[in-house]
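A.B. asks: Each chain is listed here by its residues.
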Amino acid sequence: MSNSKRSDLDSLEVVAGNGLINRRELLGRGIALAGATTAGAGATFSSASAEPLRIDPWSLTIGSTIPAYETPAKYEKHVVRTLTNPNHEPRTSQARTPHHLLNGTITPNGLHFVVSRTGFPDIDPAKHRLAIHGLVRQPKVFTLEALARYPMESRICFVECGGNSAPLYNKDAIQANVQAIHGLVSCSECAGVRLSTLLEETGIDPKATWFLAEGADGPSMNRSIPLAKALDDAMIALYQNGERINPSQGYPMRLLVPGYEGNMNVKWLHRIKLIEAPVMAINETMQYTMRIEGQKSWQFYFPQEVKSFVTHPSPGHSLKGPGFYEISGLAYSGNGRISRVMVSADGGKSWAQAALQEPVLSKALTRFRMPWRWDGQPVVLQSRAWDEAGNTQPTRSQIAAERGEPRVNVPVTAFPMGHMNVITSWSVDNKGEVKHVYA
Amino acid sequence: MSMRSSLLIAAALVFAAGAAAETPNLGQSITEADLALWDISVSPDGVGLPQGSGTAAQGKAVYEQKCELCHGKDASGGKNAALVSAKDRTVTSYVPHATTIFDFTRRAMPWPQPKSLTADETYAVTAYLLALAKIIGESDVMNAETLPKVRMPNRDGFVSKYPEKH
Chain A
176 MSNSKRSDLD SLEVVAGNGL INRRELLGRG IALAGATTAG AGATFSSASA EPLRIDPWSL
236 TIGSTIPAYE TPAKYEKHVV RTLTNPNHEP RTSQARTPHH LLNGTITPNG LHFVVSRTGF
296 PDIDPAKHRL AIHGLVRQPK VFTLEALARY PMESRICFVE CGGNSAPLYN KDAIQANVQA
356 IHGLVSCSEC AGVRLSTLLE ETGIDPKATW FLAEGADGPS MNRSIPLAKA LDDAMIALYQ
416 NGERINPSQG YPMRLLVPGY EGNMNVKWLH RIKLIEAPVM AINETMQYTM RIEGQKSWQF
476 YFPQEVKSFV THPSPGHSLK GPGFYEISGL AYSGNGRISR VMVSADGGKS WAQAALQEPV
536 LSKALTRFRM PWRWDGQPVV LQSRAWDEAG NTQPTRSQIA AERGEPRVNV PVTAFPMGHM
596 NVITSWSVDN KGEVKHVYA
Chain B
122 MSMRSSLLIA AALVFAAGAA AETPNLGQSI TEADLALWDI SVSPDGVGLP QGSGTAAQGK
182 AVYEQKCELC HGKDASGGKN AALVSAKDRT VTSYVPHATT IFDFTRRAMP WPQPKSLTAD
242 ETYAVTAYLL ALAKIIGESD VMNAETLPKV RMPNRDGFVS KYPEKH
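Protein sequences, first through last, are from chains A and B.
Each residue of the first sequence is one higher than the last, beginning at 176 in this note's numbering.
Each residue of the second sequence is one higher than the last, beginning at 122 in this note's numbering.
Any given hint could be a false lead.
[Said to hold, decoys possible] Listed below are several chain B residues computed to face chain A (Cβ distance under 8 Å; list not exhaustive):
hint	residue
1	LEU156
2	LEU158
3	PRO165
4	ASP224
5	PRO235
6	SER237
7	LEU238
[Claimed, not checked] Pairs of lysine to aspartate or glutamate residues, derived as EDC-like cross-links and limited to a Cα-Cα distance of at most 20 Å, are as follows:
hint	chain 1	residue 1	chain 2	residue 2
8	B	LYS282	A	GLU577
9	B	LYS208	B	ASP241
10	B	LYS282	A	ASP407
11	B	LYS282	A	GLU468
12	B	LYS200	B	GLU189
13	B	LYS208	A	GLU468
14	A	LYS382	B	GLU189
15	A	LYS302	B	ASP160
16	B	LYS236	A	ASP297
17	A	LYS495	A	ASP604
[Said to hold, decoys possible] Anything over 10 Å on all C-beta distances counts as not near chain A; from chain B, calculated:
hint	residue
18	ASN146
19	ASP160
20	SER164
21	SER174
22	THR176
23	GLN179
24	ALA254
25	ILE256
26	GLU285
By construction, these hints were calculated from the structure, which means they are not laboratory data.
All residues carry an ideal CB built from backbone N, CA and C; glycine is no exception.
Next comes chain A alone, as it looks inside the complex (with noise of 0.2 Å):
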């Protein structure tokens, strides 16, 4: 640091247009960074002193109950995921993570994303049955209380709806916010067995390339699944985030296959199937297929690729005049780990490297950060993500040099399988008014 005396936000180095500060010289600068932003803070954020502290009522009478499961304080009750089914009629119920509202990298279970056909089933865990079978040496039953003596493993990883960030390939820059446009993907520390682990008991015929994984709901939602995956990282998830999984998420045991799109994370997992080819189920030949007009359709396109948004600020919120503020956002990559992402406040003309919040895993979500000057005029601000294969996001127009010029403007219910990882562009007006726009 060239001067770690310097108090004053205003001398921070701008590393890119529009106030982006450099990263090393906040995150070097510690404590006399905290002096910076509350002289800022002081400066910008209100012409009068503050109010004379109070002695508050709470701080005068004896506390509540503690409660057998918690929920979030009453005045957080607005932070819940979107419905697009609440009164469950005979379609495709979808429920959105509001990223907007959180922060870190970990998804609570209450707020994790679920797109399901007819709901979820009631499952007595006791009765539920894993079966293995196909091309095996030995087709096997595992009860639930059996497979949670076998060795386990926790990982951390996102799941992502092959559908989510769809609107952002829509002819217009539809008007939703973060959760609408980008809530079909959470982030869990999921623990289980892994796959491989029973595939060692059963036995693998040599005829077996793809699996078939087959959920016990009412539809028996089911997909076929390259046997690789089962080899390398695939596992029987029977907690999330240190609980039994949830209802919605495939209580009592989930399928995992880490960067794959979440329908393949096939929930309520009842049968696996060991096959010499895919089934063709309708979730691979008509749903999560990728329409291209004038082309062949893409089919079996696992990996959710690499891809961020700026969660802090996005539409909905609106900034309190100008001085310091945190842009910060969701970085990851169903082909590995995040190897940098990218921040610009000028919609693209120049960019400024974020920090990465550790720990950086692979396959999962990563939080970056960027600080920024805001000076009041109008901007628009962007991420870009790399993963450590290399992979960027594309731009617009090379999304349009692929796919052709969108053409349509679909409604954030319809989420047509796109792996949409396009670079999102928020802009900022000069009241703080935050939205989305094309940049």
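Got chain A; can you put chain B on it based on the hints?
C.D. replies: Chain B only, in chain A's frame:
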């Protein structure tokens, strides 16, 4: 992981099966016959199709009673998706194999009572949709022999993204 290396690992697991004593081995053995009720998946080559048969005429009656409420008259769409349409992509114009329509109908439909259709009813409804889309004739009988031979209009409409490139 490449397909080649995954196959090598698969082969290694097969040969290592004799050493499986190191794992907990808490699964119960079962025969394919005893899990047959669960083994409902159908492959494009027809493996998994049950006995039974149906025609479009028989399927029309089933459709009107159990499917039309959501999918509309003549499968043209209603509260839920059209299944046959001259202009939009539907399950009949898009999926590459007729077996998929049978499989999904049997496992998941009708929406409130999945798996309630008999094998004959499922063949018949499938025949009805295929005939409405003019993929088969009005009097064609669908069964385990004929259904896999139906040539869907979008049979060659897909390209696989797997194995993926990084």
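A.B. asks: Hints numbered earlier in the text: which of these fail when held up against the supplied structure?
C.D. replies: Hint check: 2, 6, 7, 9, 14, 18, 19, 20 and 26 fail, others pass.
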